[in-house]
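A.B. asks: Spelled out, the chains give:
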Amino acid sequence: MEAVQSYQSTSVELFLLIALLLPLLSFFISFIISEKYSWSVPFLATLLLIVSLASSIYVFFSIWKHEPFAAHIHWFVIGDFHFTIGILVNNISALMLIVVTGISFLVHLYSAGYMVGDVGIRRYFAMLGFFTFSMLGIILADNLLLIFIFWELVGFSSYMLIGHWKEKIEASTAATKAFLINRIGDVGFLVGLMIVWAYQSSFNLIELNSSTDILSWQTAASLCIFCGVMGKSTQFPLLTWLPDAMEGPTPVSALIHAATMVAAGVFLLARIHFIFTNQALDVVIIIGGITSLMGALAALAQHDIKKILAYSTISQLGLMVMAIGAGAPEAAMFHLFTHAFFKAGLFLAAGSIIHSLHQAQHHNNDHFDVQDVRNLGGLRKKLPFTFLIFILCGSALSGLPFFTGFLSKDAILTALQFWKGSEFSWRWFMFANGFIVSFVTVLYTFRMIWSVFMGDEKKTINLSITEPPLVMRAPLAILGFASLWFIVSINPLDYSSWLYTGLHAGKHFHFSLMPIISGLWVMLAFVTAYVIRNKSLQSTFLMNNFHLDRVYDTLIVKPTSQLANLVDHLDRKWIDGFIHGTAYGQVILAHFTNWFDRIVIDGSVDGVAGVAKGIGSLTRSFQGGKIQLYIFWAIFAIIIFLIWLII
Amino acid sequence: MNLLNFIFYFLESVAALSAVSMIFIRNVFYGALLLITCLIALAGLYVLAFAEFIAVTQILIYAGGILVVIIFGIMLTSKISGKPLVVEHANLFSGTLAGLSFLGLLIYFLSAQKFNVFSTAKPLPEASLHTFGIELMSDFILPFEIAGILLLIALIGAAVISSSIKSKKV
Amino acid sequence: MQQYLISLLIFTPLIAALLGIFIPAKLVPYFKALTLFANILQVFFLFQIFNSYESNGTIQLIEKQSWITINMGSLGILKAEYFVGLDGLNLPLVALSVVVLLIATISSWTIDKNVKGYFLLLLLLNAAIIGSFTALDFLLFYLFFEFMLLPMFFLIAMWGGARREYASIKFFLYTLVGSIFILIVMIALYLSVSDPSEPGRLVHSFNMLNMADSTRFISNTILDPHNTWMIGPFPARYCAFLLLFFGFAIKLPMVPLHTWLPDAHVEAPTPISVILAALLLKIGGYGLLRIAFPIFPDAAMHFSWFVGLMGVISIIYGGLNALACKDLKRLIAYSSISHMGFVLLGLASLTTEGVAGSVYQMVSHGIISAMLFLIAGVLYDRTHDRTIENYSGLSTKMQSYTVIVVVAFFGSMGLPGFSGFIAEIMVFLGAFKSNSVNGLLHESLAIVATLGLVLGAAYYLWTLQRMFFGPFHLKGGILESSIVDLNKREYIMLIPLVIAAIFFGIIPQPLMDIIDPFAKHFSEFVINSGKSLTLNP
Amino acid sequence: MEILSDKLELIRMSISFFIPELILSIGILLIILIGLIKKDNLTILSFFSLGILVLSLWFGIIQIRQHVLPINLFVGMIRVDGFSGYLKILIDIGTLLTVLMTWRKQREQKHLPEYYALILAVVLGAHLLVMSMNLIMVFLSLELISISSYLLAGFSFSRKGSEGSLKYFLFGSVASAVMLYGFSLLYGLTGSLDFSSFMHHQMVKDQPLFLIGGFMALVGFFYKIAAAPLHPWSPDVYEAAPMPIVAFFSVVPKLAGIGILSKFILTVNIMGQSAYPWQIIICIVAILSLTVGNFSALWQKNVKRLMAYSSIAQSGFLLVGVATFLPQGIHYMLFYATAYMIMNYLVFIYLQQFESCGMHEISSFAGIGRSQPLSSLFLLIGLVALIGLPPTAGFMGKFFIFSSLWESYQLSGQPILLWLFIFGLLNAVVSLFYYLRIPYYSFIKSGESNIKTNILTFENLLGLILVIGVLYLFFNPGLLMGWINKINFAL
Amino acid sequence: MFPLQHFLYLGALLFSVGLIIVITKRNAIMVLLGIELMLNASNVNLVAFNQLNPSALDGQFFALFVIIVAVSEAAVGLALVLRVYHDYKTSVPDELNELKD
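Chains as they are written, first to last, in my numbering: chain R, 27 to 673; chain V, 8 to 177; chain P, 114 to 650; chain E, 520 to 1010; chain W, 541 to 641.
Since no wrong hints were added, every one of them can be taken at face value.
Partial pick of chain E residues on the chain R-facing surface, computed with a CB cut under 7 angstroms:
no.: 1; residue: Lys686
no.: 2; residue: Leu689
no.: 3; residue: Pro727
no.: 4; residue: Leu730
no.: 5; residue: Val738
no.: 6; residue: Leu749
no.: 7; residue: Pro751
no.: 8; residue: Val811
no.: 9; residue: Phe814
no.: 10; residue: Ser815
no.: 11; residue: Leu817
no.: 12; residue: Trp818
no.: 13; residue: Val949
Straight-line Cα separation of at most 16 angstroms, EDC-like style, residue types lysine to aspartate or glutamate; simulated pairs:
no.: 14; chain 1: R; residue 1: Lys62; chain 2: R; residue 2: Asp144
no.: 15; chain 1: R; residue 1: Lys446; chain 2: R; residue 2: Asp308
no.: 16; chain 1: E; residue 1: Lys526; chain 2: V; residue 2: Glu142
no.: 17; chain 1: E; residue 1: Lys820; chain 2: W; residue 2: Glu638
no.: 18; chain 1: P; residue 1: Lys510; chain 2: R; residue 2: Glu193
no.: 19; chain 1: E; residue 1: Lys820; chain 2: E; residue 2: Glu874
Just so you know, the hints here were simulated from the structure itself, not pulled from any lab data. The model shown is predicted, which means the values in this text are computed figures rather than measured ones. Note that CB positions come from ideal geometry on N, CA and C, so glycine has one too.
Throw the hints in and build the complete structure from the sequences for me.
C.D. replies: The structure is reproduced here in C-alpha cells:
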C-alpha cells in the first residue's frame, strides 16, 4: 500500500457518507414503511441507490490515482486504548465502491421487476439496502475491528436474503448453513484480530502498515484472518455453502453470492496484503488453487443453472485468491472487478430465464424445475436478448479474447508465471492449475449455454415465453456491455490499462507471450467443448466427466483415494459430510453433554441428596422405638468415646 | 481386724453375687429379693466405711420403702395379664458387651489410679450423727430443701399418673 | 435528597411492600399500580443518580451509617455499617436492575393467581437486588444477597410451571450452598481485618474496601497475606478465595455448578425468569469483581487460569447443551450459562479490556437475556407450550414477533451492532492479550472460547429455522387461533430492550465511560497488589 | 460454734438473693393448694402461674441489674452471677410463653394444677441448675427437672403419652446414673464436690479417671440438652407430649443444661491445662448432633418429631458456642440461646394452633397458606430463622457463634474447629430441606383447608411480638449483645 | 480402713451389672431394678471416697441425696410402669413402639 497521508476534504467526506448511508436509509425506509405503501419500496430504494452510486462515482474520481483519503472519529475508550471508527479510501476501495454501488443499483433495478408481487418485498429491499451498507462498510473501514463488524453484518444480511422465502425449508436450511460456515471462518478472523491486538494494540490499517519489519506473529494472524476469507469467499474447505445459497432470490445471488460479498474476502486480502508473510501466502495460494479446481470441476457436473454459476464463482474466487497468494493483489482485484460484472450479468440473465419460465408456467399450469438445464434447450429463439447477454457474459467468464475476463485472467496467469519462478517446484503445479481451471471454465460455460439455448426445445416447447420487462433487461444490457474489453483496457490483449495501473502503480510484470498462449489455450478449450458437446448429446458426457473428475481427484486431492467419484460427490460426501458429520457429532455431543448434565451432574446432586437421605436413614435407624436399644446405643457411643479419648 | 476383714469381704461378695445373679434369674420377684440382699449387704459395707447414717437410711428407705413399692408393682403388673413372672432377655449380646466393656474400662483405670488422701483426721463416731444433723441444716440446707420439693413433686406426679388410670377405668 | 439517592432506590420498593400489606387482597389493580409506581419512582431516582454521578473511578454517593457495633471484649469491636455507594462497576448494574425490574413488572400484568403475594414478593426482591448491588459492607451485602433467596423461591414455587417445586428447591439449595461458602469466608475475613476508623482500638469492620487493603490485615490472623497459614496442604488465603469463587460461581452459574439454572428458568414464570437471568446471575459476577478478586488478589492471580478455564468450559458446555435442548426456555437458559462464561473469562484475564468486557457483558446479557425470556414468555402466554418441535413457520403468522426474535437471537449470538458483540470482543481481546501482558491466561483459552460463537450461532439459527421458518404448522395440540402477534403491552416491554441492545452495540461510549475507570483501576489494583503479596509473603 | 453461726448468717443473707427461686418454690406449693380448693377455675390457675413467673422474672431482672459481681450462696452450693441470671431470665420467659400457650387450650389439659406445678418445678430446677456450683446441687436440680419432665411428658394422658413418658424415664434415669457415677469419680479424685475447685487440683488434670469421670458427667448434660449420642429419647418424647410441653422441653431444660455444661466444661478443662481434649469432645458431640438432628429430620412426617430433630440440631449449634472455649463464645452462645428461644416458641405457637385444627403430619399443612396467610407467614419467619437465614435473629446468632469459633480456631489452630466451622455452616443447607417442608406444603401445595380466617387471634398477637423480636435481633443485635457483654463470665 | 479399691471395684461391678440389666431385661420393673443398682454403684463410690476426706461428710451427704432421688425415681417409675401396663397390657419396654421413626 502507498504511503498514506490523510487530508481534510469535506466534499469527499460528504459524498462518502452519502454513498455509505443512503443504503442504510433505504433499509430503514423499507423497514418502516407500512404494508399499504409497499409498492413504493422498490422505487425509493432504487432511487436512493442511484444517488449512492452517483456519490460513489464522484468519490471514485476524486480518489482514483490521488492521495488516499482517511478520517476517523473516536468510538470508545478502554484503558489507554482508543477504538475508532474511520474511513480509509484508496484506489482499491474506491474501485470496490463503484463495483458495489453499481451492481447493487443494477440489482435493485432488476429486483423491482423480478420481485414484483412478493409479500416480503419490503424485507427484501430492506435487507438489500442493509447489505449494501454493510458491504460498503467493509470497503471503507480503516481498521480491522470495523471490517470484522461489517464482515459479520454482511453475513447476517446474506443469511436474511438467502432465507428470504422463509416458507421454503431448503431456503432456511441453506441460510443457516451459510451463516454457520461463515461464522466458522469468522471465528478464525476473530482469533486473527486477537493476535493483532495482543501484539500491536491497534487495529488501524495505517498504523499496522507502518511497521515495516516482518514480525513473527504475522504469519499466525494472517492465516487466521485468511480463515475469515475462506468462509466468506468460499475457499476450500469452507466452500459448500455457496451452492446451497442459490436457494435465495436470483438477484441476491447475483449481488451477494457472485459479485460483491464473496469477493469481499479477496478485497480484504488485497487490503491487508502487507500483513501476509511468505509462508502465509503459500498457504493462501494452495487453498486458492484447490478451490478453483474443485469449483471448476464441480461446475461441469451440475444440472442446475444457478449451481453451475455458483461453482463457477467458487472457481473464479479461487483464482483470485491464487493471485493474492502469488503476490499480485492487483491482479486479483482486477479479476474481481471484471468478474463482478460478468458474473452478475450471468446470474441476472439466468434469473430472467427463471422469471420468464415461471411466468409462463404460471399461465400454463405446468410444473417442472426451470433451473434444471436438462429441461431446457433451444431458448435462443424465445429469449434472444437473454441469449445475447449470456453469450457476452459467458464469453467473459470463459476468458475469450475481447472480453474483460480474458484480460483479468491474463493478469492472474502472468502473476502466477512470475511467481512460480524458473526452478521447478510445487509452484509449477499451481501455475498449471491456473491453466487447467481456465480450460475447464470454458467447458462448463459452453455446456451451460449450449444446453440452455441451443439444440431443441424440451419441456419448454409448449410454453409461451416472453422476454422479461424493461427494468430487468436494462441492467442486463449494462452488464453485458461491461463485459467487453474496452471497459478496462483499450488494447484487448494488454491488461495493463488505466485500471491496472490504478491498482498497482509500480512496474508491471509482463510476459508478452501470455495473451497469445492463453488465447490459444482458450480456443483449444472451446474446440474441446464443442467436440465434447456431441458426446454429451449422446449422453455419455456425464460419464466422461466422471472419469475426468476422477483423474483430477486422484492427481490432486487424494492420491490414495480409491473412491472414484465426482468432485461433486466428493464435495457432498466428504466435505459436506464432514461438516454434517461435525454437525451431527456436535449434536450427538450436545445430547451427550445434556445427558451428562442430567444424569451425572444432576445425578450427583441428587446423589448428594441421596447420601444425605442415606445418612438420615442411618441416623434414624437407631430410632426404632425400642428404648433399651436407645440406651444401648447411647452407652455404646459413650464407650467408643471413652476408648477413643483414653487410647 | 481379721473379723472385720472377713465381714468386709463377705459383704462385698454377697453384694457382688446377688447383683450378678440378678442378671441370670428370670423371675422379677426374685430379682427384687436379690436387690434387697444386695442393698443390705451394701448397708453393711457402709457401716464399715464409717457411714452409719447412710447405712441406716439405705435399709430403711430401700429395703423398707422402695422395694415394697416395687413388689407391689410387680404384683400389680403381673396380676392383670395372668402371665408368669418370667422375664425374657433381649439384646443379650449387646447388653453384655456394653456392661463388660464398661466394667473392664473402669476396673482397669480404677486399679491404676492412686487416690489422694485429703485429710487424715479420723471421724468421731459419736459426734457423727450430730455433725450430720448440723451440716444438713447448714451446709446442705439448700439440697435438703430441694430434696423435699423433689419428693413432693414425685409424689404428686406419681399420684396424678396413677389417678389417671382410675379415672380411665371408670 | 442528593445524598440519600441510593437509599431511596433501595427503600422505595420496601416501603411500597409495607404499604401493600395493608391493601386488601381483593383490590388486584392496586398492587399492580403500586409496584409500577415504585418502579417508576426508582427510574426517577436513577436519573437523579446519573445526574450527580461523575465518572472518575471513585466510589460516589456514599452513604454510611453505623448499624451494628458490638464490643467483643478481647476480640475487639464488631462493626457493621449501612454502607452503600456506586462506582463504575455497580452503577451500570443498578441501572440495568431498575430497568429490568420495571419491565418485569409490566410483564407481570398477566399474573392472576394470588396477586397480592406476587407483587409484594416482587417488591421485596427488587429491594434485595438493588441492595446487593450497592452494598459496600460485606454483612449488608450478605443480608441482601440471602434475602433474595426466599422471595425468589416462593415466586418460582408458587407461580411456576409444572415442576416448579423441584426447580425451586434446587434453586434454593444451590444458592444457599453458595451463600454458605461466602458466609464462611465473610466470618474469617472480618475477624482478620481491622478498621482504622477508631485509632487505638481493634475494630473489625465489614467494610469491603477496607478488606481489599492488604495492610489492614491484622498480623498473624489466618487470612493475613503476610502469614502463611496452611489449611491442610493449601494456603488459607487460597482456600478462602476458592470458597468465595465457588460461592459466586454457583450464582453465576458456572459449569458444573449450573444445573439449577435451566430448571429454575423453565419452571419460573416469565417475569421471574427475566429477573433471574438478567439480574440474579449478575450478582455472581458482581461478587467476584467486588469481593473475591480485590480482597484476595494473590489468590486471584494464582487461580486466574482456573477461573478462565472454567469460563471457557462454561461457554462451550452451555453452548453444546443449548444445541440439544427441546424446550425454548431451556435453550435460552443454557445460552445464559454460555454467555456468563464470558464474564469469567474476561475477569480472569485481569486486563483492562477483559474486565471492561466482563462488566459490559453483564449489562449486555442483562438486556438481551431479558428480551429472550420475554420472547419465550410471549409464546408461552399464547400456547402454554414451549417445545421447539411443536412449532414451525411462525414467521408467517407472527411477523413482528419474528422480527423481535431475530433481533434478540442475533443479539445474543454476538452479532456486531448489538451490545453483546462489544462485550464479547473485549473479553476475547483481553483474554488473548493476557498472556503477553501479565502472563495469566494462555492464548488457547481465548481461541477455544471462540467456538462458543459458532455454537451460539448454531443453536439460535437452528431454532429459528425450526420454529419460525418453513411452512406454518403446529403440533402437540396447540390451537392455531392462539397464535397472534404481539400486543401493545408486549411491545412496551420489548422495544426498549431492543433499542438498548442496539444502542449499546453501536454507541458503547456512554456505558464504557462509566465502566472504564473501574476496569482500569481494578485490573491494575489486582495485578499490583497480587504481585506484591506473592513476592513478599 | 462460731463457724456455724457464721454459716447461718450467710444462709440468712443468701435468702435475699434467692427470691426468684423462693417465689417459684412457694408458687409450686400454692398452686397445688389452689388446685385442691378451686379445681374448676382454670383461669385462676393460669393467671396464678403467670403471676409467679412474672414475679420470678421481675426479681431475676432486678437481681441481674443489681449484682454484677458473682455471689456464692448457701455456703457455696449455688452462685448468683450474670451468666446464670441471664439464663434464668430466658428460662422464665420461655416458661411464660409455655403458660400462655397452655392457656389457649387449658380446657383440654387434664390435671392443670399439677401440670403447672410440674412446670414450675422444672423452672425451679433449671434455675438451680444454672446456678449450681456443687455436684450435689447439680444432681438434685437435674433430677428435679428430669422427674418433673418425665411426668410432664405423659400429660397428654394417652397411650402414646405414657409410652413416651416411660421411655423418657428409663433413658433419663440411666443417663443420670451414668452422670452420677461420673460425679462420684470426680469427687474421689478431687475430694470436693464444689466443681469450681477442680482447677485447684492440678494433679488430676492428666489422670485418665478424671477424663472418664468428667466425660460421664458430661453425658448427663448431653442428655439434658438432647445432644447426640444422648438424643434418642427426644423424638419419641416430643411426639408424645402436648405441644406446649414440647416447646417447653425444647427450650427450658436445654438452656439449663447448656448453662451447666458450659460452666462444667470450663472447669474440667482447668484453664486449658487439662491434658485431655475436652474441646474436641464438644466439637465431636456438636458435629454428631448436627448430623443426627438435621439428617434424621429429613425423613420426618410428623411435625413434632421434626421439631425434635430440629432441637437436636440446634443443641449442636449451641454447643458450637461452648466449643470455642472463649468467654466471647459463651456470650454468643447466650445470644443464640435467646434467639433460639424466640424463634422456637414462634414456631411452636403456630404448630399448636394448627395442631388444634387437627394437623399433626406435615402433609396436612397443605393449603393453609391461603386460608391462614398471616399465621403461615409468621410460621415461615420462625422456620426461616431456625434455618438461619437473614434477616432473622437465627442468622445473627449463628453468625456470632461461628465468628467466635473462627477466632478460636485462629487461636488454637485445631483442625477440628475448622471442620466444625465448615460442617456446621453447611448443615444449614440440610436443615433447609426439612424446615421448609412446612411452608412448602402450606404455600405451594394446594389442599383443602376449611379453617376460618381470623387475623386478630391471641396467637397472632403473640406471634407478632416474637416476629418483631426475631427481626429486631437481626437488625439491632447490639442492644442485646451489650447486655450480654456486661455479664462477667468467669468462674 | 478397708482398701479403697475394693469398694470401687464393687461399685464398678454394680454399675456394669445394672447396665446389663437395663439393656437386656424384657421387663420394665427389672429395668428399674437395674437403675437402682447403678445408683447404688455411685453410692458405694461416694461413701468409699468419703473415707479419703473424713473431716467433711460431702460424700455421705451426696449418697443420702442419691437415696432420696432414687426413692422419687422409683415412685415415679413405678407409677409410669403401671400406667403403661394399663394402656398396653404389657410391661415389656420393647413392645412399646408406637413412637418410632
